[in-house]
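Novice: Line by line, the protein sequences are chains V and G. Under the numbering used here, the first residue of the first sequence is numbered 1, with each subsequent residue one higher. Under the numbering used here, the first residue of the second sequence is numbered 287, with each subsequent residue one higher.
The set of hints was computed from the structure by calculation and includes no laboratory data. Errors might be hidden in some of the hints.
[Claimed, not checked] The calculated DSBU-like cross-link candidates involving lysine-lysine, where the alpha carbons are at most 35 Å apart (straight line), are: (1) V:K256 - V:K99; (2) G:K291 - V:K283; (3) G:K615 - V:K283; (4) V:K80 - V:K34; (5) V:K256 - V:K283; (6) V:K283 - G:K297; (7) V:K283 - V:K34; (8) G:K446 - V:K185; (9) G:K516 - V:K283.
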Amino acid sequence: MTQRPLLAVAALAAALGLGLGASAHAETTQAPLKDVHWSFDSPVGMYNQEQLQRGYKVYHEVCSACHSMNLVAFRNLADKGGPFWNPAYPNPNDNPVAKALAAQAQYDTIDSETGQPTKRPGTTADYFPSPFPNETAARAANNGALPPDMSLLAAAREGGARYIYSIVTGDGTTPPAGLQVPDGKYYDPYMPGDLTSFWKGDPNKVPVGGFIAMPPPLVDDRVTFDDGTKATLDQEARDVAAFLAWASDPTADERKQLGVEVMIFLLVFTGLLYASYRSIWRKVGH
Amino acid sequence: MTEHKSTYEPKSGFERWLDSRLPIVRFSADLMSFPTPRNLNYWYTFGGILAFCLVVQIVTGIVLAMHYDTSEAGAFISVQRGIMRDVNYGWLIRGIHANGASMFFLAVYLHILRGMYYGSYKAPREVLWWIGCVIYVLMMATAFMGYVLPWGQMSFWGAKVITNLLGAFPVVGNAITTLLWGGFSVGGPTLNRFFSLHYLLPFVIAGMVALHVWALHVPGNNNPTGVEVKSDHDTLPFHPYYTVKDLFAIMVFVILFAVVVFFIPDAFEKVDNNVVANALVTPAHIVPEWYLLPFYAILRAIPDKLSGVLALAGAIAMLFALPFLDQNKVKSMRYRPAARMYFFIWIVFCLILGWCGSQEPQGTVIPGGAGPVIIDYGINSVTWLARVSTAYYFAYFLIITPLLAMSEKTLPVPDALFMPVLSKSAAPAE
Numbered sequence: 001m002t003q004r005p006l007l008a009v010a011a012l013a014a015a016l017g018l019g020l021g022a023s024a025h026a027e028t029t030q031a032p033l034k035d036v037h038w039s040f041d042s043p044v045g046m047y048n049q050e051q052l053q054r055g056y057k058v059y060h061e062v063c064s065a066c067h068s069m070n071l072v073a074f075r076n077l078a079d080k081g082g083p084f085w086n087p088a089y090p091n092p093n094d095n096p097v098a099k100a101l102a103a104q105a106q107y108d109t110i111d112s113e114t115g116q117p118t119k120r121p122g123t124t125a126d127y128f129p130s131p132f133p134n135e136t137a138a139r140a141a142n143n144g145a146l147p148p149d150m151s152l153l154a155a156a157r158e159g160g161a162r163y164i165y166s167i168v169t170g171d172g173t174t175p176p177a178g179l180q181v182p183d184g185k186y187y188d189p190y191m192p193g194d195l196t197s198f199w200k201g202d203p204n205k206v207p208v209g210g211f212i213a214m215p216p217p218l219v220d221d222r223v224t225f226d227d228g229t230k231a232t233l234d235q236e237a238r239d240v241a242a243f244l245a246w247a248s249d250p251t252a253d254e255r256k257q258l259g260v261e262v263m264i265f266l267l268v269f270t271g272l273l274y275a276s277y278r279s280i281w282r283k284v285g286h
Numbered sequence: 287m288t289e290h291k292s293t294y295e296p297k298s299g300f301e302r303w304l305d306s307r308l309p310i311v312r313f314s315a316d317l318m319s320f321p322t323p324r325n326l327n328y329w330y331t332f333g334g335i336l337a338f339c340l341v342v343q344i345v346t347g348i349v350l351a352m353h354y355d356t357s358e359a360g361a362f363i364s365v366q367r368g369i370m371r372d373v374n375y376g377w378l379i380r381g382i383h384a385n386g387a388s389m390f391f392l393a394v395y396l397h398i399l400r401g402m403y404y405g406s407y408k409a410p411r412e413v414l415w416w417i418g419c420v421i422y423v424l425m426m427a428t429a430f431m432g433y434v435l436p437w438g439q440m441s442f443w444g445a446k447v448i449t450n451l452l453g454a455f456p457v458v459g460n461a462i463t464t465l466l467w468g469g470f471s472v473g474g475p476t477l478n479r480f481f482s483l484h485y486l487l488p489f490v491i492a493g494m495v496a497l498h499v500w501a502l503h504v505p506g507n508n509n510p511t512g513v514e515v516k517s518d519h520d521t522l523p524f525h526p527y528y529t530v531k532d533l534f535a536i537m538v539f540v541i542l543f544a545v546v547v548f549f550i551p552d553a554f555e556k557v558d559n560n561v562v563a564n565a566l567v568t569p570a571h572i573v574p575e576w577y578l579l580p581f582y583a584i585l586r587a588i589p590d591k592l593s594g595v596l597a598l599a600g601a602i603a604m605l606f607a608l609p610f611l612d613q614n615k616v617k618s619m620r621y622r623p624a625a626r627m628y629f630f631i632w633i634v635f636c637l638i639l640g641w642c643g644s645q646e647p648q649g650t651v652i653p654g655g656a657g658p659v660i661i662d663y664g665i666n667s668v669t670w671l672a673r674v675s676t677a678y679y680f681a682y683f684l685i686i687t688p689l690l691a692m693s694e695k696t697l698p699v700p701d702a703l704f705m706p707v708l709s710k711s712a713a714p715a716e
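Input sequences plus hints: build the corresponding full structure.
Specialist: What follows is the structure in structure tokens.
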């Protein structure tokens, strides 16, 4: 009993000195992203074409069931630096892979004789078809959540490809005991979120991360890779993250390549200008 | 300053004919032979660098405008699909334009700091300085509106936050925001207005630059000693001496520019801006571009909205008032050790304000708790650091500078800006 005033003073001091501001408001938390690396990480690193092809397959067979990618056209797959670029077809619209992939999709059109709505097979000029006709339909099919368009996903998230890899592999992590996961949601430590109100355990140990509406999308052998690579969950996640990085920044290879050439020119030209400067100023005091 | 006599001699019959009708060749020749202090250091190359930046922004901007859709529904797609993917080298043109804004501000800040350090705002160059301040304000307006055009989340919410500030003014506030928005919230009409003004203002800036150069050529350049030109011996013709020096400096600047554009093009980009504008989803953390962050910190440091807006405007007004606030006859801080020290401290506080602007207001400065709450935030919060920095920012202009101008013991100022005997190079030019 005699300890009580002392405790109160200590608590007050601790509150003033340390925790008050920090605990007064909730904060968004997220586990540190997984430390994975790709060929294109460095400022001069290029995409790996085989990886982009595998990544496209994962996107096409898994992600595209719910996610649109409306800034990317089939011809882009055959652009220089793209998954199906083939030097034999400098015009991507001639690329047989891109043509075949486009032809699998069906697009709305009208019958040129009658004007009645009908369907036509896709061409390389068509943008990837959307899985849902509109946002309402997308939400209705996904428990109220909207699967984001994937065209710029890697560019629109802090961490880019590493974020996507971490989210996809972290999705469905067994939630720590005491965390109440709402119906239709999954725990993902890499999803930025605030789980305070769902946590029944020690209030100072709220788990990091958040909930995601996407069921764990990938498992081992979810797809079969054409190049014989073993389709582990890790491999699929790496490849699809690489493909989405390419989709967000398809000109990165060209940019980096041109950048090296431009730098060489600039360094030589600047050196010449410096020599001119020294030569012109040689005879005058300054 | 010795009078600059025209040395142009028309050589052909046509030149003589033209010279008596429109002496444009004489004008250009005189610009090129303009007597320039021979002791200008590299800090004086930023004028040329800034002219280069303006040309780059206008040329790339005109090309981007050819491919840009100003409609609310089409803006984001025209940038992210059209320009970034389909237009030949569109990624490069946009990369130069978007990062060019940051490079432009980097150069203008160094240019302003150089003017402050060497006292370039003092008589007889006050008008030159004020025109420069006007250019800086126009640049901020242009950059702000340009940032809205890609119509991403940060574009939209940045526009919303900043235009809402103007609503803080009593009586006229609502009328101003309605006029600016073209409606009752940020939307398609706002985007169209901003595009129109974003295209217009750079040409206003170009006109102001012409006045800036004119106002420069009346008194002539200041120089690192702050001592005015007294004889022909103090100067060199602008060409070839400063054309080559400026060009070299521009190329060094271009190297830095190219590193950003080619290897880290998204260094200044907020990821949220790659998500299309959505009025129903507020980004977690709305931050302006880095070059506006110190002002954003000052704005947020003041708890009252209108007072915050006035403090923001006041922070810019301080630059305009500088020629009145500093009446010391010694221009260059080379000979003002006390002024120099307070100036460097001011730069540090500006950088701290920039950092504060990028953080959440309730964030902590030293990791750990926010400390005892004073008024609204803890003593260890970003807000209080911003308040202390804001106080120094204004005190530097309103208290320290006028007091120092009266009381500082300055070091002896040399008689001439250039003394060949002290020069390391052996032979003075004759």
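Novice: Now tell me if each hint is right for this structure.
Specialist: Structure-based check of all given hints:
1. As the CA atoms of K256 of chain V and K99 of chain V are separated by approximately 28 Å, the hinted pair is consistent with the 35 Å bound.
2. About 24 Å separates the Cα atoms of K291 of chain G and K283 of chain V, which keeps this hinted pair within 35 Å; it holds.
3. Between the alpha carbons of K615 of chain G and K283 of chain V the distance comes to roughly 33 Å, so the proposed pair stays at or under 35 Å and holds.
4. Restraint check: the Cα-Cα separation between K80 of chain V and K34 of chain V comes to about 30 Å, which is no more than 35 Å; the hinted pair holds.
5. This hinted pair does not check out: K256 of chain V and K283 of chain V have alpha carbons roughly 42 Å apart, beyond 35 Å.
6. Under the criterion of a C-alpha separation no larger than 35 Å, the hint pairing K283 of chain V with K297 of chain G is consistent with the structure, at around 29 Å.
7. Between the alpha carbons of K283 of chain V and K34 of chain V the distance comes to roughly 60 Å, so the proposed pair goes past 35 Å and is violated.
8. Restraint check: the Cα-Cα separation between K446 of chain G and K185 of chain V comes to about 33 Å, which is no more than 35 Å; the hinted pair holds.
9. The suggested pairing of K516 of chain G with K283 of chain V holds, with an alpha-carbon distance near 21 Å, which does not exceed 35 Å.
Violated hints, in rising order: 5, 7; the structure is consistent with all others.
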